[in-house]
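S.K.: Single-letter residue listing:
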Amino acid sequence: MGDGTMLGFVLLIAVLAAATAFGLWRKRTDGQMKSVSVAAPLPVADDDPEVDVTTPSAAEHGGERLSADLLGSALGEQATLVQFSTAFCQPCRATRRILDEAATLVPGTTHIEIDAEAHLDLVRQLDIRRTPTVLVLDARGVIFKRAVGLPRKADVIAALGQVTAP
Amino acid sequence: MPETAICAPAVEVDVRGPRFAAAVTVVVLAVALLTIGSATAAVLLAIQTIVFALGAFVGLRAQPYGVLFRKVVQPRLAPATEFEAAAPPRFAALVGFIFTAVALLGLVAGVTAVAYVAVAGALAAAFLNAAFGFCLGCEIYLIGKRVFARSVSV
Chain A
0 MGDGTMLGFV
10 LLIAVLAAAT
20 AFGLWRKRTD
30 GQMKSVSVAA
40 PLPVADDDPE
50 VDVTTPSAAE
60 HGGERLSADL
70 LGSALGEQAT
80 LVQFSTAFCQ
90 PCRATRRILD
100 EAATLVPGTT
110 HIEIDAEAHL
120 DLVRQLDIRR
130 TPTVLVLDAR
140 GVIFKRAVGL
150 PRKADVIAAL
160 GQVTAP
Chain B
0 MPETAICAPA
10 VEVDVRGPRF
20 AAAVTVVVLA
30 VALLTIGSAT
40 AAVLLAIQTI
50 VFALGAFVGL
60 RAQPYGVLFR
70 KVVQPRLAPA
80 TEFEAAAPPR
90 FAALVGFIFT
100 AVALLGLVAG
110 VTAVAYVAVA
120 GALAAAFLNA
130 AFGFCLGCEI
140 YLIGKRVFAR
150 SVSV
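Protein sequence lines, in the order shown, are assigned to chains A and B.
Mapped onto numbering that gives the first Met the number 0, the consecutive letters of the first sequence carry residue numbers 0 to 165.
Mapped onto numbering that gives the first Met the number 0, the consecutive letters of the second sequence carry residue numbers 0 to 153.
Simulated from the structure, these hints should not be mistaken for lab results.
None of the values given here were measured: they were computed from a predicted structure.
Glycine residues also receive a C-beta, built at the ideal position from the N, C-alpha and C atoms.
Keep in mind that a hint or two might mislead.
Unchecked claim - Derived EDC-like pairs (lysine to aspartate or glutamate); straight-line CA-CA distance at most 20 Å:
id	chain 1	residue 1	chain 2	residue 2
1	B	Lys144	A	Glu112
2	A	Lys152	B	Glu81
3	B	Lys70	B	Glu11
4	B	Lys144	A	Glu116
5	A	Lys26	B	Glu138
Said to hold, decoys possible - Only some residues are given here: those of chain A computed to face chain B with a beta carbon under 10 Å:
id	residue
6	Asp2
7	Gly3
8	Thr4
9	Leu10
10	Leu11
11	Leu15
12	Ala18
13	Gly22
14	Lys26
15	Gly30
16	Ala86
17	Cys91
18	Arg129
Please work from the sequences and hints to get the whole structure.
M.R.: See below:
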C-alpha cells in the first residue's frame, strides 16, 4: 500500500504540474492576434510558439481574400471582424460582445459572426479548429490577423488600428 | 444586462456551478489516485462514476455536486451574471464517466495500471476545467464535426 500511495502521489504531482503548465500556456496564447503571411502556408498553426507577430501592413501580407458572397454578409468599409462560433460555446458569447464593442469604437468596421457548423466547407478551407476563431480582414477582405480563443479587447482594437492605417 | 441570444430552447446554467463540480471532482479523484489498490479508491471511483453518469445522462440538475452548489454555495454568492449552455458540461461529464468507468474496470480486473492512467486522465481534465475554465467539449467538438460531418454550405 505504501508503494501504491507513493506512485499515486508522484502521478498526482505530475498530472497537476503538467495540467497547470498547459493551462497557463493556453491562457497566454488564447486570443493572441497572429499575423497571417504568405511565407507560412495557410493555416498558421495556432499553437506554434515561434510565430512572428511583428506586423507589417496588410498590403504586404498575402492572406486569403474572403468575399462578401462567401461570408454571406457585406464587408466593412475599413475592416471586417469575422467570428466563427458554435452553439453552446460560452467564450464565443464573450467574444461576440468584445467584437461588437470594438466595431462600434472603430468606424468602418463590421462584425460578422459565422456558425461554424453551418459552414463546414469554409471551416475546412480556412482550417478553423476551435471556436471562437476571429479573423481580421482589411477593406478588401484579405485576412490580416487570426486569433484563436477569446481575444482581449485591446488587442482587437490594436489590430483594427493596424489594418485601417493608411 | 449581457446580451445572450437564447432562440433555441437550450438549458442555461450559472457558469460557477460546473466549475464547482469540477473542483469537487478534483478532490475525489486525487484521493482515489492516492489510494488505488485499497477499497477506498474503489468506493470513491464508484461514487464518481455515478455522479458523472447522472450529469451526462440525466442532466445537470441531477448531478449531485451541482445540487450541492445550488443548495449550499450559490445562496452565499452574488447572483449569477454569466450563463453557459448545459451541453458542454454534460459532454464533459460523459467523458469523465468513460474514464472513471474504465478505471473501475481496471481495478476490478486487477490491472491497476489502467486505473492509474484513467484516473490521472480524468483528474487532468477536471483540474483544467476547475482551475482554468478549460472546456474540453468545446475543444474537440468542431474537430469532430469537420471530420465526421458531410460538407454543409449555407
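S.K.: Hint by hint, note whether the structure agrees.
M.R.: To see whether the hints hold, each was checked on the structure:
This hinted pair checks out: Lys144 (chain B) and Glu112 (chain A) have alpha carbons roughly 18 Å apart, not beyond 20 Å. Taking the CA atoms of Lys152 (chain A) and Glu81 (chain B), the gap is near 18 Å; set against the 20 Å cutoff, the hint holds. With a C-alpha separation of about 17 Å, the suggested pairing of Lys70 (chain B) with Glu11 (chain B) holds against the 20 Å cut-off. A threshold of 20 Å between alpha carbons decides the hint, and for Lys144 (chain B) with Glu116 (chain A) the separation of about 7 Å falls inside it, so the pair holds.
At roughly 14 Å between alpha-carbon atoms, Lys26 (chain A) and Glu138 (chain B) fall within 20 Å of each other, so this suggested pair holds. For the restraint placing Asp2 (chain A) at the interface with chain B, the shortest Cβ-Cβ distance is roughly 9 Å, inside the 10 Å limit, so the hint holds. Among the interface hints, the one on Gly3 (chain A) holds; its C-beta lies about 4 Å from the nearest C-beta in chain B, closer than the 10 Å criterion. Checking Thr4 (chain A) against chain B: minimum C-beta separation of about 6 Å stays under 10 Å; hint holds.
The beta carbon of Leu10 (chain A) is positioned within 10 Å of a beta carbon in chain B (closest approach about 5 Å), and the interface hint is therefore held. Given the 10 Å rule on beta carbons, the hint for Leu11 (chain A) holds: about 5 Å separates it from the nearest Cβ of chain B. For Leu15 (chain A), the shortest C-beta to C-beta distance to chain B is roughly 6 Å, which falls under 10 Å, so the interface hint holds. For Ala18 (chain A), the interface hint holds, since its Cβ comes within 10 Å of a Cβ in chain B; the closest pair sits about 5 Å apart.
Below 10 Å, beta-carbon pairs count as interface contacts, and Gly22 (chain A) has one with chain B at about 4 Å; its hint therefore holds. Taken as an interface hint, Lys26 (chain A) checks out: its beta carbon lies about 7 Å from the nearest beta carbon of chain B, inside 10 Å. Contact between Gly30 (chain A) and chain B, as hinted, is not supported at the beta carbon level, the nearest pair being about 13 Å apart and thus beyond 10 Å. Because the beta carbon of Ala86 (chain A) sits about 7 Å from the nearest beta carbon in chain B, less than 10 Å, this interface hint is met.
With a cut of 10 Å, the hint placing Cys91 (chain A) at the interface with chain B holds, because the nearest CB-to-CB distance is about 8 Å. With a least beta-carbon distance of about 6 Å to chain B, the hint placing Arg129 (chain A) at the interface is held under the 10 Å criterion.
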